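Using the sequences and the accompanying hints, generate a full structural model.
Those protein sequence lines, which keep their order, are chains A and B. Residue numbering for the first sequence follows this note's numbering, starting at 212 and increasing by one per position. Residue numbering for the second sequence follows this note's numbering, starting at 81 and increasing by one per position.
None of these hints come from the bench; they were simulated from the model. Just so it is clear, the structure is predicted and the values come from calculations on it, not from any experiment. Treat the hints with caution; some may be incorrect.
Stated by the list, open to error - Here are the simulated DSS-like pairs of lysine-lysine, each with C-alpha atoms no more than 25 Å apart in a straight line: (1) Lys500/B to Lys231/A; (2) Lys82/B to Lys299/A; (3) Lys500/B to Lys414/B.
Stated by the list, open to error - Listed below are several chain B residues computed to face chain A (Cβ distance under 10 Å; list not exhaustive): (4) Met81; (5) Thr85; (6) Lys89; (7) Lys92; (8) Asn162; (9) Glu306; (10) Glu313; (11) Leu316; (12) Ser317; (13) Pro319; (14) Met489; (15) Val493; (16) Ser498; (17) Ile501; (18) Phe502.
Every residue gets a Cβ at the ideal spot worked out from N, C-alpha and C, and that includes glycine.
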Amino acid sequence: MVLEVKELSKQYSKVLAANKVSFSIEEGEIFALIGPNGAGKTTTIRMISTLIKPTGGDAIVAGFSAVNEPARVRENITYLPDEAGAYKNMTGNDYLNFMAGIFTTDLDKAREYVKRAQEICGLGERLEDKIGSYSRGMIRKLLLARAVMTRPKLAILDEPTSGLDVINAIEIRKLIKRLASEEKMSFLLSSHNMLEIEFVSDKVGIISKGKLHVVGKPCELKAKYGCDNLEEVFEKVVNSDEVSDIA
Amino acid sequence: MKFLTLLKKELKELLNFQTILTMVMMLVVLSILGEFMGGAMEESADSQAGTVAICDDDKTEFTADLINQIELSGYTIEMKENTSEDKAQLLDDADTDYLIIIPQGFTQSILEEKKTVDIEYISRVNNASVMSAVDSMDSASAVAIIQDAIFTTVMTGQYGIAIDELEFISMPVGVDEYTVVKDKSANASSAQIQSHMMSQSMLIPIVVFVLVIMASQMIINAVATEKLDKTLETLLSAPVSRFSVLGAKMTAAAIVALLNALVYMIGFGNYMKSITDMQGDLAAGTQATESVIEQLGLNMGMTDYILVGLQLFVSILISLSVSLILGALVSDAKETQTMILPITVLTMIPYMMSLFIDINTVEPAILRYVAWAIPFTHTFTAISNISFGNMGIYWAGFAYQIVFLAVCMFFAVKLFTSDKIFTISLNLGQKKKFKKNTK
Ligand SMILES: Nc1ncnc2c1ncn2[C@@H]1O[C@H](COP(=O)(O)OP(=O)(O)O)[C@@H](O)[C@H]1O
Ligand SMILES: [Mg+2]
Numbered sequence: 212m213v214l215e216v217k218e219l220s221k222q223y224s225k226v227l228a229a230n231k232v233s234f235s236i237e238e239g240e241i242f243a244l245i246g247p248n249g250a251g252k253t254t255t256i257r258m259i260s261t262l263i264k265p266t267g268g269d270a271i272v273a274g275f276s277a278v279n280e281p282a283r284v285r286e287n288i289t290y291l292p293d294e295a296g297a298y299k300n301m302t303g304n305d306y307l308n309f310m311a312g313i314f315t316t317d318l319d320k321a322r323e324y325v326k327r328a329q330e331i332c333g334l335g336e337r338l339e340d341k342i343g344s345y346s347r348g349m350i351r352k353l354l355l356a357r358a359v360m361t362r363p364k365l366a367i368l369d370e371p372t373s374g375l376d377v378i379n380a381i382e383i384r385k386l387i388k389r390l391a392s393e394e395k396m397s398f399l400l401s402s403h404n405m406l407e408i409e410f411v412s413d414k415v416g417i418i419s420k421g422k423l424h425v426v427g428k429p430c431e432l433k434a435k436y437g438c439d440n441l442e443e444v445f446e447k448v449v450n451s452d453e454v455s456d457i458a
Numbered sequence: 081m082k083f084l085t086l087l088k089k090e091l092k093e094l095l096n097f098q099t100i101l102t103m104v105m106m107l108v109v110l111s112i113l114g115e116f117m118g119g120a121m122e123e124s125a126d127s128q129a130g131t132v133a134i135c136d137d138d139k140t141e142f143t144a145d146l147i148n149q150i151e152l153s154g155y156t157i158e159m160k161e162n163t164s165e166d167k168a169q170l171l172d173d174a175d176t177d178y179l180i181i182i183p184q185g186f187t188q189s190i191l192e193e194k195k196t197v198d199i200e201y202i203s204r205v206n207n208a209s210v211m212s213a214v215d216s217m218d219s220a221s222a223v224a225i226i227q228d229a230i231f232t233t234v235m236t237g238q239y240g241i242a243i244d245e246l247e248f249i250s251m252p253v254g255v256d257e258y259t260v261v262k263d264k265s266a267n268a269s270s271a272q273i274q275s276h277m278m279s280q281s282m283l284i285p286i287v288v289f290v291l292v293i294m295a296s297q298m299i300i301n302a303v304a305t306e307k308l309d310k311t312l313e314t315l316l317s318a319p320v321s322r323f324s325v326l327g328a329k330m331t332a333a334a335i336v337a338l339l340n341a342l343v344y345m346i347g348f349g350n351y352m353k354s355i356t357d358m359q360g361d362l363a364a365g366t367q368a369t370e371s372v373i374e375q376l377g378l379n380m381g382m383t384d385y386i387l388v389g390l391q392l393f394v395s396i397l398i399s400l401s402v403s404l405i406l407g408a409l410v411s412d413a414k415e416t417q418t419m420i421l422p423i424t425v426l427t428m429i430p431y432m433m434s435l436f437i438d439i440n441t442v443e444p445a446i447l448r449y450v451a452w453a454i455p456f457t458h459t460f461t462a463i464s465n466i467s468f469g470n471m472g473i474y475w476a477g478f479a480y481q482i483v484f485l486a487v488c489m490f491f492a493v494k495l496f497t498s499d500k501i502f503t504i505s506l507n508l509g510q511k512k513k514f515k516k517n518t519k
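Here you go:
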């Protein structure tokens, strides 16, 4: 098991952003947290990435506790924040070199990482240009390549396709799928777009108002609730849960 | 070394073409300004004993004698014609910026009726600069020139008094002026000393102001951009300690601050040198300003420059650590510009105060303590404190700044090493956003 999330909770001053969230990810698996804006996806992901401390529960990444051994966890993950940018004054290559230097002090390894990222991102000559001149899609590809260049045990991607046009979104989804099947990398994704996510993920977790309602393979969930797509599943699950909560 | 990788990146970001250009410009401007001020002072000194433009409407033997007498006392005379009633036209025709007109009946009034009479004095104001005011003669000196000439002409011509005797009568008392600073004294006029100190105190506050604001803006932008672009999140989720991320930022900022302080001190040194050289030239005859300043212990030695530089360095470090915190508070690109406001205000208050009052002695005392509580005050008063030997106040201010710096650093470290950095905000626009989301 690459990731085991155990009753992870985060209480902000007024909002309970994550309420005892539990799920797990196997090696080579693509797991997607799906839910509308404000559901608690980013909060959950940030706790697993060791950026913020949970108010309850824990996440075990490659055998290390996010609460007690955050430094060890960081050696095994990469994280791509949603709507992330990169240093505009650097060229694409500068950025890859800089980030490689952050992940390793071994120069040979760093060179290998950069080479891998250059191939994966598919930006070619444009890597010589300043990032300030890149389009959204190009930046996302660069950052995604950066996130997978070190072959982390778990790559955490927050809304990897949001804000992109269809072509770029498809390219990114294909890339994630290929890396998972060919290189046995594990992914934790999030998305508020419930329709597109079933093309890419092996397993999804439906989250709303901080609560993870149900986890399963998209086809199983659709069959179980008798729906055509995950959006309908979401509606059914969340509504029935809320009704039972009140009762 | 990951720290070096980070440091290199921070330095590259802070020392871009723009900031290097600013530093070079500062050096050049300071050096040129010194030459310029020196030049202007020399010029205005020249024009003092310079040309007098006179229009003689009376045209008597007496007025001719007068004009002759003015020339004898060292002025160059330019005779002009009274061509127009329109004063502006008159100055234009005469091609001068100031003109003395001796009216018709002038001789009659003075010699026969023994009645005071007005001369006419016209001068042009071209602009509002301080130096141009020094440039032109004013009516009082115009009157004085004419009066001196009348006195001499009448005394020697009508009363037959010998010239050397006349010199005694007109000026029976001379002055041997001494100026005291603390326990030292020098044979020089206080005006001379004050004009020297002025040329220092005019410049320093402006440069300190610019430096502090510039450095702060730089860091606020850098940190806010990292936060908004989420590159900070990326970095802090990578296998590198938060201490090295923050440490690299601080170190890079400190290096840039040190560079700035150094450039500023070199430029300022050049500026002061041109000015003292010039004052030395002007004061030929009396004791040269440079040696007077030295005698009074007001000169800036190497140690003094280092002390001022040190003070400046700590001030910039303070503004940088405050800026780290302010930058981290930004949660919206629009806020980035307003975040500098606290620093601007804290710099503006001591800046304005130092221009108009002596902060160390201002009454009521509460005003003094308020000023002293603002860390930047001590930088604005550093040169004055060092020059006038108020070392107690200097070191107390310095100690206060170090404590202030430590507190700011503590909070910056705390902010960056906890998850506050991602959850904190000033709730300016954020509150509404949260409410919308939770609905
Ligand atoms: N720093 C914060 N302080 C207080 N509340 C927050 C903070 N960040 C997020 N929240 C709240 O937590 C909830 C979950 O937010 P988030 O995890 O960003 O959702 P998602 O990523 O699914 O859109 C929202 O109600 C949001 O308003
Ligand atoms: Mg989110």
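Query raised in the report: Going through the earlier hints one by one, which of them does the structure break, listed in rising order?
Result: 8, 14, 15
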